[in-house]
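Visitor: Below are the chains, spelled out letter by letter.
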Amino acid sequence: MTKMMYRDAVRSTIFEEMQRNENVVVLGEDVVGGMGTAGGPEAIGGIWSTSTGFYDAFGPDRVIDTPISESAIVGAAGGLALAGKRPVAELMFADFIGVSLDQIWNQIAKFRYMFGGKTTCPAVIRMAYGAGFNAAAQHSQSVHHILTSMPGLKVVMPTTPADVRGLLREALRGDDPVMFLEHKMLYGVEGEVPDGDYTIPFGHAKLTRAGEDVTLVATGLMVSRCEAAADALAEEGIGCDVLDLRTTSPLDEEAILDSVEVTGRLVVVDEAPQRCSLATDIAALASEKAFASLRAPIQMVTAPHSPIPFALELEQAYLPSADKVQAAVRKVLDWR
Amino acid sequence: MTKMMYRDAVRSTIFEEMQRNENVVVLGEDVVGGMGTAGGPEAIGGIWSTSTGFYDAFGPDRVIDTPISESAIVGAAGGLALAGKRPVAELMFADFIGVSLDQIWNQIAKFRYMFGGKTTCPAVIRMAYGAGFNAAAQHSQSVHHILTSMPGLKVVMPTTPADVRGLLREALRGDDPVMFLEHKMLYGVEGEVPDGDYTIPFGHAKLTRAGEDVTLVATGLMVSRCEAAADALAEEGIGCDVLDLRTTSPLDEEAILDSVEVTGRLVVVDEAPQRCSLATDIAALASEKAFASLRAPIQMVTAPHSPIPFALELEQAYLPSADKVQAAVRKVLDWR
Amino acid sequence: MQLSREELLQAYRRMKVIREFEERLHVEIATGQIAGFTHLYCGQEAVAVGVCEHLDASDKIVSTHRGHGHCLAKGCDVDGMMKEIYGSREGLCNGKGGSMHIADVDKGMLGANGIVGAGAPIAVGAALSLKLDGQGKVAITFSGDGACNQGTTFEAMNLAVVTKAPCIFVFENNHYSEHTGFEYAVGTNKDIASRAEAFGMKVWRADGTDFFAVYETMRDVLEYVRDGNGPAAVEFDTERFFGHFEGDPQNYRGKGELERIRAERDCLTNFRQKVADAKLLEGTVLDAIDEEVLDQIDAAVDAARAAERPQAEDVLTNVYVTY
Amino acid sequence: MQLSREELLQAYRRMKVIREFEERLHVEIATGQIAGFTHLYCGQEAVAVGVCEHLDASDKIVSTHRGHGHCLAKGCDVDGMMKEIYGSREGLCNGKGGSMHIADVDKGMLGANGIVGAGAPIAVGAALSLKLDGQGKVAITFSGDGACNQGTTFEAMNLAVVTKAPCIFVFENNHYSEHTGFEYAVGTNKDIASRAEAFGMKVWRADGTDFFAVYETMRDVLEYVRDGNGPAAVEFDTERFFGHFEGDPQNYRGKGELERIRAERDCLTNFRQKVADAKLLEGTVLDAIDEEVLDQIDAAVDAARAAERPQAEDVLTNVYVTY
Ligand SMILES: Cc1ncc(C[n+]2csc(CCOP(=O)(O)OP(=O)(O)O)c2C)c(N)n1
Ligand SMILES: Cc1ncc(C[n+]2csc(CCOP(=O)(O)OP(=O)(O)O)c2C)c(N)n1
Ligand SMILES: [Mg+2]
Ligand SMILES: [Mg+2]
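Protein chains in written order, with numbering that gives the first Met the number 0: chain A, 0 to 335; chain B, 0 to 335; chain C, 0 to 322; chain D, 0 to 322.
Hints are not guaranteed to be accurate.
Once the Cα atoms are required to be at most 35 Å apart in a straight line, the calculated DSBU-like pairs of lysine-lysine come out as [stated by the list, open to error]:
{"#": "1", "chain 1": "D", "residue 1": "189", "chain 2": "D", "residue 2": "254"}
{"#": "2", "chain 1": "D", "residue 1": "163", "chain 2": "C", "residue 2": "189"}
{"#": "3", "chain 1": "D", "residue 1": "254", "chain 2": "D", "residue 2": "163"}
{"#": "4", "chain 1": "B", "residue 1": "2", "chain 2": "A", "residue 2": "330"}
{"#": "5", "chain 1": "A", "residue 1": "330", "chain 2": "B", "residue 2": "330"}
{"#": "6", "chain 1": "C", "residue 1": "106", "chain 2": "C", "residue 2": "278"}
{"#": "7", "chain 1": "A", "residue 1": "288", "chain 2": "A", "residue 2": "323"}
{"#": "8", "chain 1": "A", "residue 1": "205", "chain 2": "A", "residue 2": "288"}
{"#": "9", "chain 1": "D", "residue 1": "201", "chain 2": "D", "residue 2": "106"}
{"#": "10", "chain 1": "C", "residue 1": "106", "chain 2": "A", "residue 2": "117"}
{"#": "11", "chain 1": "C", "residue 1": "163", "chain 2": "D", "residue 2": "189"}
{"#": "12", "chain 1": "B", "residue 1": "330", "chain 2": "A", "residue 2": "288"}
{"#": "13", "chain 1": "D", "residue 1": "201", "chain 2": "C", "residue 2": "163"}
{"#": "14", "chain 1": "A", "residue 1": "323", "chain 2": "B", "residue 2": "323"}
{"#": "15", "chain 1": "C", "residue 1": "163", "chain 2": "D", "residue 2": "106"}
{"#": "16", "chain 1": "D", "residue 1": "163", "chain 2": "C", "residue 2": "254"}
{"#": "17", "chain 1": "C", "residue 1": "273", "chain 2": "C", "residue 2": "201"}
{"#": "18", "chain 1": "C", "residue 1": "106", "chain 2": "C", "residue 2": "163"}
{"#": "19", "chain 1": "A", "residue 1": "117", "chain 2": "B", "residue 2": "117"}
{"#": "20", "chain 1": "A", "residue 1": "330", "chain 2": "A", "residue 2": "205"}
{"#": "21", "chain 1": "A", "residue 1": "288", "chain 2": "B", "residue 2": "117"}
{"#": "22", "chain 1": "A", "residue 1": "205", "chain 2": "B", "residue 2": "117"}
{"#": "23", "chain 1": "A", "residue 1": "323", "chain 2": "A", "residue 2": "2"}
{"#": "24", "chain 1": "B", "residue 1": "205", "chain 2": "B", "residue 2": "117"}
{"#": "25", "chain 1": "B", "residue 1": "117", "chain 2": "D", "residue 2": "106"}
{"#": "26", "chain 1": "C", "residue 1": "201", "chain 2": "D", "residue 2": "189"}
{"#": "27", "chain 1": "A", "residue 1": "330", "chain 2": "B", "residue 2": "117"}
{"#": "28", "chain 1": "A", "residue 1": "323", "chain 2": "B", "residue 2": "117"}
{"#": "29", "chain 1": "C", "residue 1": "254", "chain 2": "C", "residue 2": "189"}
{"#": "30", "chain 1": "C", "residue 1": "189", "chain 2": "D", "residue 2": "189"}
{"#": "31", "chain 1": "D", "residue 1": "201", "chain 2": "D", "residue 2": "189"}
{"#": "32", "chain 1": "D", "residue 1": "106", "chain 2": "C", "residue 2": "201"}
{"#": "33", "chain 1": "B", "residue 1": "205", "chain 2": "A", "residue 2": "288"}
{"#": "34", "chain 1": "C", "residue 1": "273", "chain 2": "C", "residue 2": "254"}
{"#": "35", "chain 1": "C", "residue 1": "163", "chain 2": "A", "residue 2": "117"}
{"#": "36", "chain 1": "C", "residue 1": "163", "chain 2": "C", "residue 2": "254"}
{"#": "37", "chain 1": "A", "residue 1": "205", "chain 2": "B", "residue 2": "205"}
Treat the hints as calculated values from the structure; they're not laboratory data.
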């Protein structure tokens, strides 16, 4: 076991994988930094410090600093993958899927299918998502529901350094396009990381709190808010299962349904607004497949249906909080 | 009453509105056609024939033929709207939100909010969506769930010529950005159209079949499949409410919940794949707000989780059919 | 002309295969036998063949919605393509892709593409891969005069220049994007190539209806790019003989335009003329090829009609490698 | 120099307001009082002011993530902006937008923008609206040397050329996009303007640290565009005095670079020098303005600190006009 920050887990895993497999190639804006300047390369190593030292170790052909051209970045990742490489492309902010969605959705997600299974497309697209920095409406969004809705993409949302390492290795060694979503507010979080070359298979949720009264399902930053709510409720003798989905596509349906079968009560927490969200996706799943077990209406704790506001107070009010999760748990327990 | 095709309802409504309000401006690829050719302007009037005659009537400043640059088209619509005009932009295929999503999602949807309510953005973005033409994975998609998930956008999906006219007028006279989704397979459908200058307010579903056993909820082409299923089931004495949502944002929650309260059984039909879809959105709504009424698990009849295949047989197997809807109805009726 | 007799015969045959493949599709589509949108390459054969005759399977190309010619020139199987267009399970893409998505990655053909302009960034990525491999291989992206207005095309050109990717941007200017004229839609101070030049690329221009002009130009372009000088661009002036898609009324054409381009700008006629004038090939030999090609296309259509149809359960295969 | 004394004083004051607004923000941000991402315009004042002094409220501008200077030059209220940056309900956008989304549509300021390159198409739309109005008004989009690589910028240039929109593309080349140098990221055969030229636009270039150069150049550009000749582009060579965002270590700078540009490329020093040399304005008058501006900024910060905070219920207002 080693202690490590989330951002370092990202960086070290890619670095090790680049050492291990010469086909792994990194590209993105400022992944090197300093190109074409007096200061010279390695000025920054990614604005999230997730590629520091890569350029010095692997050079410009494997660590490709790009202009501000997200469509070209994702498209080039697609071309690299079709040609046999394992690209890891960085979108500085998940919000920039807006300027690159075609290459994600209509290209890399579909190559294998459209081409009759005769190619693989092992492109990993990393992106920093989520609110909490007061970065306002265009730099704070959660986009997992959009990507999860798209067949051909796998969508990964790690919450801990240990999961980052296992899931990122899995992504880098698989043959499918993976959207690797890193929550900005988690980059600085530290955690224990197992030694050794482990991978974590996709589609396996993690139970981070166990209880028999209510099932809480969440991803990313929302997992810790569920845990806080669960811990507070535990003091009152209310027991919650907290499920960290870890990947939203594939989805661990079984873990959700198994828990709901026991608790009969489900609260889904999502940082995105509710309409056509992952929250509704999971609620719908349970309402179809765990119908007989449900003892109360499913509650969804999500962001409201608005863009993300700038001001401190507004962003705070916007985001699902541990308090709102607690309130939802009480509501499902108080039903009838 | 007049008989009219769906595509003619689109065209005549915009044409009349252009006559009525000089601020209405049309832009898009080949909305004129023939620009810069020996044949001269008006070679096509939109590939769906939804702007035939516009150029001759209103000239190049109000009927703007554009290069193949969807981001610029939607962005220009945004700029026109901020400057006081009422642009109607055409994306030939809804799939092209892939190359223009930023301008839809991060720009026109958010101007009003980000600018503290100090502007309006009356931009209407029309797009042809849906499968049925064997146009394969990049020219057949349903995108309403993606757009519905985005706060700031209104999403309209008319199914009949009469609804086209009322809803399009409402869109053209409102002050919010509207995504106007026209199903390709409906363009050739004829229907009665009321006379006079009527509008249809957004957020009002239409009950197209009434019955007390099961509630069917759908949009676009799927409405007719629900109707076909309902008609067949009616012969066996099974009564279905069929709700055509008409707009998915805003959503007529009341109509759905009222019907489910009576029937206790809900089948949601969606042309898109299920994950984070409108189908899950409505299932989640009912599972939260009509929980006590539900007498069987909600069924979702959707496309499978794959890109849209090309071959006739495959596309047919891919799309929800009236038969699949019937089977789902029987399933909810047979529960326990 | 430095081509051997074998090379000349092969080039002619390839162009003829494309021509007859497309002429036959034109007929077949009219009978309603083929579903979906089909864009025929007829008229532009000299570009695809003049470019691809220089390549081997480890060079890559990325194509467009009008992709049959590029596929055939890069060596995709005629039967497999015809079956794909007919939507058969035996098609090159098992009937899942269709006309707009034909690919054969093993042949270095990274896909036709239904999204205008989407191919260019993909080609840059392929070129970056080839640069890393260090074998002097190149990636080529074909773009129309319409596609050259899509943001992705510009981003790709700039990215290629910045990264010195061995990528060649082949612009096929057939003067129309759907129903709109080049003169209207493409803002330039001269032509498409001059735009590419402004991104810092070396550019070439040639008559795209003259196989020899294309072939000779590409020799220079390829030498430049294979030598590690970074990307390059070429603009070929060409013609499409059919409508944008099958069913297009072509109101945008001038009077007699189609007859004129068929008469004066046919790359096959042009080729025959040139090899006859230079006494390189005999008409009878070419006539024999014509016969063989017609038979080959007949056979391909028969095979496609008889080929196995896909099954409902095929819908859910190949979404991922691992599920 | 054809500016009146009044005009000169106003221009100086505007530049100084921007300078002090930003210098003060630099200090305030360091104390952790201000949330979010803030990009300071310090150093580029002559561009914003040299451009906007020609405009009135019915001309439109579209700005970038580095938008404070453009906003102030276009007449946005100093207090309202400061309050917005502090996230107050009294801010120009009620605290919902923040630094990256300041707008004042009534003043013709159509928004800063957090998405690099997103402003250009919006400006073309505004220009098309102004063209339709027929009053000789223009729309101006500001783009950085980084933004000029985004596909939207190219699409916008082409669309403007094709539609002859009265749109001006102002490129502020400050040599860096975040941490990357212009030399690396921007493929050209000469400069950014030469790319714009290849789209068929008339282009200009000038020193962006010299107010008079900017102002005089823009007089010509505006005359050309207001006369109905279609779009135009201008490239200004300029400098940013702070990091990309507040907190940037600026490792990409050369040794002594910041000191040098502050010493040699400061548009305010330059302005003072020029008006002194030409005996147009007295230093004492400018000193007095400096004092007034400092007071104004002090007052703005005080007001912003004291201003009303937004409430949770504000989150859901203004998503739509009608709900
Ligand atoms: C992003 C996108 N926009 C629009 C279309 C519709 N479309 C298909 S082909 C085409 C014209 C392309 O013109 P050009 O690039 O000149 O190629 P050509 O058809 O002449 O071969 C258009 C507008 C599309 N497929 N993708
Ligand atoms: C689409 C997009 N990509 C990347 C970013 C992150 N980003 C913000 S500013 C910036 C650099 C912009 O450089 P330039 O256009 O030269 O403007 P400057 O910062 O020099 O004013 C980048 C990469 C963004 N906001 N939007
Ligand atoms: Mg063309
Ligand atoms: Mg810059």
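Visitor: Taking the numbered hints from earlier one at a time, note which ones the structure violates and give those numbers from smallest to largest.
Guide: 3, 4, 14, 15, 19, 21, 22, 27, 32, 36 and 37
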